[in-house]
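Trainee: Given next are the chains, with one letter for each unit.
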Amino acid sequence: MNRYAVRIGSALALALSFQLGQFATASAAENPYGYDGKRVVFETLVQRSGGPAVSADDPGLHQLVRNAGGSVTWDADNQYVLVTFPGPTVISFAIGDAHYLIGSVSHPAAFAPFVRDGHAFIPLNDVLRALKLPAYSTAAADAAPATSTPLPGPVSTADVAPAPTTPPFATPMPSPQPDQLAQVTGVDVQVQPGSVTIRIGITGNGAYEWHRLRAPDNRWWIDVHTARLATAPIDQNGGALVSAVRVRQQPADTVRVALSLPASEQVDVAPGNDGITIVVSNRIVAAATRGSGTFGSIATANASPLASPAASPGARYVPSNPRLIVLDPGHGGSDPGAVRGSLQEKMVTLDIAKRVRDLLVDRGWQVVMTRTDDRDVFAANDSAHDELQARDDVANSRGARLLVSVHVNSYVNSGPHGVATYYYKAGDLALAQALSRRIASELGINNNGVIKDKLYVVNHAVMPAALVETAYISNPDDFALLQSGSWRQRMAQAIADGIVDFTESN
Amino acid sequence: MRNSRVFFLLALLIAVAAIAWYISSHRTSAGEVTVYYSKVDGQSEIPWTISARAQQPGESAAAYAQYLALYAASQAVAGPPSDVTAIRFPAGTQVLSVTVDGTTATVNLSPEVHHPGDGALNESGEFKALIWTMTARPGIDAVAVRVAGSKVATLNGGSFELDEPLRRSDW
Chain A
26 MNRYAVRIGS ALALALSFQL GQFATASAAE NPYGYDGKRV VFETLVQRSG GPAVSADDPG
86 LHQLVRNAGG SVTWDADNQY VLVTFPGPTV ISFAIGDAHY LIGSVSHPAA FAPFVRDGHA
146 FIPLNDVLRA LKLPAYSTAA ADAAPATSTP LPGPVSTADV APAPTTPPFA TPMPSPQPDQ
206 LAQVTGVDVQ VQPGSVTIRI GITGNGAYEW HRLRAPDNRW WIDVHTARLA TAPIDQNGGA
266 LVSAVRVRQQ PADTVRVALS LPASEQVDVA PGNDGITIVV SNRIVAAATR GSGTFGSIAT
326 ANASPLASPA ASPGARYVPS NPRLIVLDPG HGGSDPGAVR GSLQEKMVTL DIAKRVRDLL
386 VDRGWQVVMT RTDDRDVFAA NDSAHDELQA RDDVANSRGA RLLVSVHVNS YVNSGPHGVA
446 TYYYKAGDLA LAQALSRRIA SELGINNNGV IKDKLYVVNH AVMPAALVET AYISNPDDFA
506 LLQSGSWRQR MAQAIADGIV DFTESN
Chain B
742 MRNSRVFFLL ALLIAVAAIA WYISSHRTSA GEVTVYYSKV DGQSEIPWTI SARAQQPGES
802 AAAYAQYLAL YAASQAVAGP PSDVTAIRFP AGTQVLSVTV DGTTATVNLS PEVHHPGDGA
862 LNESGEFKAL IWTMTARPGI DAVAVRVAGS KVATLNGGSF ELDEPLRRSD W
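Respectively, the protein sequence lines represent chains A and B.
Just add 25 to wherever you are in the first sequence, counting from 1, and you've got this note's numbering.
Just add 741 to wherever you are in the second sequence, counting from 1, and you've got this note's numbering.
Read the hints as simulated data drawn from the structure, not as lab findings.
Heads up, some of the hints might be wrong.
[What the hints assert, rightly or not] Restraint ranges, calculated between C-beta atoms of paired labels, are given here:
#, chain 1, residue 1, chain 2, residue 2, range
1, B, G843, A, R271, 26 to 36 Å
2, A, A451, B, K892, 24 to 34 Å
3, B, G833, A, G297, 55 to 65 Å
4, B, G880, A, A257, 49 to 59 Å
[Said to hold, decoys possible] Footprint (simulated), chain A over chain B, 3 or more residues, beta carbon under 8 Å:
#, segment
5, 793–803
6, 862–871
7, 885–896
8, 905–912
Since the model is a prediction, treat every value here as computed from it, not as a measurement.
Glycine included, each C-beta is placed from N, C-alpha and C at the ideal position.
Excised from the complex, chain A in its bound form (with noise of 0.2 Å):
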């Protein structure tokens, strides 16, 4: 009875959010956009929970960034959408990333572009964000009267970073307010013989995913999406099954439960009226590794038998988001690498890396860097398994198309020297190659050549990964070009181009 109440109430919702969805496109479409003196219309508007979404391809999009000296160009192969001004900025979207790059900043988007019937939707509103332009939105549309705000040229990345805290425009963004979002209000975490019962108290409606991360790592995220953690974040024991239940509020309003299993265990997860219920018990049946669902009122739940692509160590790795390449420069905060006088890699990763970095946005790519600033990725003082899987979570959590990862080595006397490129997956081997490759025709270094190493960024990247390790500090004459700027630079343009000799091949 109560299964099929919840299976009546999804379908209410979704005919509910379905009429909704029409009724917004209809109003959007009759409702120009002004801006001074100047009406576009935008023909393709589809409401979204965050805000309003333009197809790639609408003639009012391209009219207004036209107007701006710029272009919009969607690339289904690779799915992204790039606005790219004269300068050259470039903003950047890839579809499912609810991230965007205005040059090489991230920032949150209202939502994760999407494709619908071939076309590429973004969020117009940071588009017109990224612009300076009021923000859409049907009401204020409707008045009819356009603003006396200037179109201004194409930001710069120095214009956002970092992202002003006071939008440039009067209306202030469609983003969800905070009464809107369900709460997380605790974890209940109870062991029994043979299983553990988590309870995640949740008020209010929403959606939710889970899955098991990349074997050999048995770990579990449960993510709760449009909420709140309502409590300071959470660590708990779940005994014997369970060595760790953490609760972290992340960005794009979501919550994360991640659970540590010492041993692989079957985890079911089921929603209900008042949250989310983490069974993980050590029956031995074939079980799910990953599923959705929503919770509250509307309940419903679905999971799979089979593993995720990224769950198959002989799958081939497909990215949600073939334009992202993370990099990742060594060490940092409390663990400054190896260390000679003054000179710490932890400083000199970072500096690689952003220079890496500025050469492929250039290009047109979308860039995060695990790191851009001297600190730990997951907190001072952590372990090297928190601190490397929190680089690797950076990659693997965005579906990024490869990771790359910077260090200087070092060794007990000043004999070794050169660099050495490693990797361990054999999914791996081609992007260590193009990198060796263009690192040996473009530098005088001595060559060591491609490497297999059991490096744990490497290992537990799910996409392609591989570690320069650009020199030996140890090593007087590579000492002197790790504190060359020049060399520094040249060391991160053959970075950048075996990262895109790869991507062109692979």
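Since the structure of chain A is already known, use the hints to place chain B on it.
Mentor: Then chain B, alone, in the frame of chain A:
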């Protein structure tokens, strides 16, 4: 008279054979282990054959194999003679224990193995030497590493992964 002489020689021959069999079956034979050290190129190993003590009277084969495993691990961690260029474990690193369960040997190292600042060359070379050495022992094909009795993901500040048993195929 002639028959008694033949009988005596035959008895003497049998006695000599019995004594020879007894001596050979109870003699302690000197042992040896093969230890690998990693060259500084990070790509190749130097195999060394090192003498070990002989199996002692009354010492079981299992106990002697256990001794050889500990001895081999200790030699790999100690490194070659000082005039040989090779990648070495950090000074002071010791093997606290070696246990063998099935085909996996667990090597417990002292905390001195943590040496922040070591690069990939050092860490990879150290453990490559240890894993090559241990998997040269009969019946061992994987090596689990512990530090002061605990499982670790990597060494402090390092990046070489240690939380799962290592095999030669990891290189």
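Trainee: Confirm or reject each hint.
Mentor: Taking the hints in turn, this is what the structure says about them:
no.: 1; hint: G843(B) <-> R271(A): 26 to 36 Å; verdict: 34 Å, holds
no.: 2; hint: A451(A) <-> K892(B): 24 to 34 Å; verdict: 26 Å, holds
no.: 3; hint: G833(B) <-> G297(A): 55 to 65 Å; verdict: 56 Å, holds
no.: 4; hint: G880(B) <-> A257(A): 49 to 59 Å; verdict: 51 Å, holds
no.: 5; hint: 793–803; verdict: violated (count 0)
no.: 6; hint: 862–871; verdict: holds (count 3)
no.: 7; hint: 885–896; verdict: holds (count 4)
no.: 8; hint: 905–912; verdict: holds (count 4)
Hint 5 from the earlier list is the only one contradicted by this structure; the remaining hints agree with it.
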